[in-house]
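Chemist: Residue numbers (our numbering), protein chains in the order written: chain A, 1 to 123; chain B, 1 to 288.
In short, the hints are calculated from the structure, not lab data.
Take the hints with a grain of salt, since some may be wrong.
[What the hints assert, rightly or not] Just some of the chain B residues that point at chain A, by a computed CB distance under 7 Å:
no.: 1; residue: 176
no.: 2; residue: 180
no.: 3; residue: 196
no.: 4; residue: 197
no.: 5; residue: 213
no.: 6; residue: 214
[Said to hold, decoys possible] Straight-line C-alpha distance at most 25 Å; calculated SDA-like pairs for lysine to any residue:
no.: 7; chain 1: A; residue 1: 62; chain 2: B; residue 2: 220
no.: 8; chain 1: A; residue 1: 10; chain 2: B; residue 2: 241
no.: 9; chain 1: B; residue 1: 132; chain 2: B; residue 2: 89
no.: 10; chain 1: B; residue 1: 13; chain 2: B; residue 2: 132
no.: 11; chain 1: A; residue 1: 10; chain 2: B; residue 2: 265
Note that beta-carbon positions come from the ideal geometry of N, C-alpha and C, so glycine has one too.
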Amino acid sequence: MQIIISNSSKEPIYEQITNQIKSSILSGELQEGTSLPSMRQLAKDLQISVITTKRAYEELEKAGFIYSIVGKGSFVAEQNLEIIREKKQRVIEEQLNAVIINSREIGLPLDELQQLLEILYKE
Amino acid sequence: MENVVELINVSKKFKGFSIKNIDLHVKQGFVTGFIGANGAGKSTTIKMMMNLLRPDAGEVKLFGLDYQTNEKDIKERIGFVYDSNVFFEGLNLKDIKRIVAPAYRRWDDTLFHQYVEKFELPLNKSIKTFSKGMQMKASLAIALSHHAELIIMDEPTAGLDPIFRRELLGLLQELMLDGTRTIFFSTHITTDLDRIADYIAFIQRGELVFSKSIHDVTEDYALVKGRIDLLDRDTEKAFVHVHRAPTGFEALTDNTTEVKEIFGDTVVMERASLEDIMYYFKGGIHHV
Chain A
1 MQIIISNSSK
11 EPIYEQITNQ
21 IKSSILSGEL
31 QEGTSLPSMR
41 QLAKDLQISV
51 ITTKRAYEEL
61 EKAGFIYSIV
71 GKGSFVAEQN
81 LEIIREKKQR
91 VIEEQLNAVI
101 INSREIGLPL
111 DELQQLLEIL
121 YKE
Chain B
1 MENVVELINV
11 SKKFKGFSIK
21 NIDLHVKQGF
31 VTGFIGANGA
41 GKSTTIKMMM
51 NLLRPDAGEV
61 KLFGLDYQTN
71 EKDIKERIGF
81 VYDSNVFFEG
91 LNLKDIKRIV
101 APAYRRWDDT
111 LFHQYVEKFE
121 LPLNKSIKTF
131 SKGMQMKASL
141 AIALSHHAEL
151 IIMDEPTAGL
161 DPIFRRELLG
171 LLQELMLDGT
181 RTIFFSTHIT
191 TDLDRIADYI
201 AFIQRGELVF
211 SKSIHDVTED
221 YALVKGRIDL
231 LDRDTEKAFV
241 HVHRAPTGFE
251 ALTDNTTEVK
261 EIFGDTVVME
271 RASLEDIMYY
281 FKGGIHHV
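Bound conformation, chain A alone (with noise of 0.2 Å):
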């Protein structure tokens, strides 16, 4: 698992760890049951304090992206509907992105373009 933290960003410290690894189980680079290094681990390694990554595991967990077991560590959760579905959405903004950039190359304008998805959404 690779996380980069930019101390120079604006985005805090967890969120730079959350958006991270949410991408990672996303893109399905962190699988299903996958063990977390533990929060400690993390934080060693990352060289942030424990509390920083404690509260990233915490958001994580909290949004149904990962869970915990007192004793053995935190784990890759099942993904539910919403994160299938932000999956999807992710899969369609990049697909959308395509078509924006075959547009382009073309110069087909925006509103053309809107028109076109209308006719085929409707269809």
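Since the structure of chain A is provided, determine the placement of chain B on it from the hints.
Modeler: For chain B alone, coordinates are given in the frame of chain A:
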């Protein structure tokens, strides 16, 4: 046991200086940084934690025990690391070990030798030939060799070069892998704390200004910059202290939500470092 150290309403009066009604709790399993300017009362507070000084009023409890009846038990469980060498300078580490070890029931010789090796400390050279960093390591090796649950350090990084400071911080983080261990250390080098501290206690002129998690500190406090004409008697109340310049003002707030409500997007808000916080609180002296 959630709090390893509890100071309850502790006061101590000296000529020209006093500690006033300090309530301080140190949480088990975390690193608490104790900050304050020189002469703010950091060392006095630590001495009271160590029972080297008795408070005039209030209670001091360690591991839920008081010193009156449990002094020996408490001391067994604390590792104290001073900023300077407290051992006889002419002695070598081997001699010091021979003197110190019998004082602790839980002294672990194997562990001691592991740390000596890890820290690359010579056993047969007298302490006076040690560099400041080596003295610090020696002191830490001894504290760790009797399985101290609470490590109290008074200015451990003062006078150390940046490379050794980082090494020490890395070492402290390694110690924190064991979730039962607690570290409490005073410092005025606040960048050390930005890295590893979980909780920050800030003392000024003998009074505790705050003691909270590093998250609460970063969420509550912020540096605010904006045009001078935004300030008036009401809006200024949102700030701990305001610094005015012909080009605009810069101020510290302890209530970021309020500042957002009052000023919205008309000001720039930035994260306040611990140093910023100390500086602006100090500035308050002349204006309160």
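Chemist: Taking the earlier hints as the rules, which of them does this structure contradict?
Modeler: Numbers 2 and 10, in rising order.
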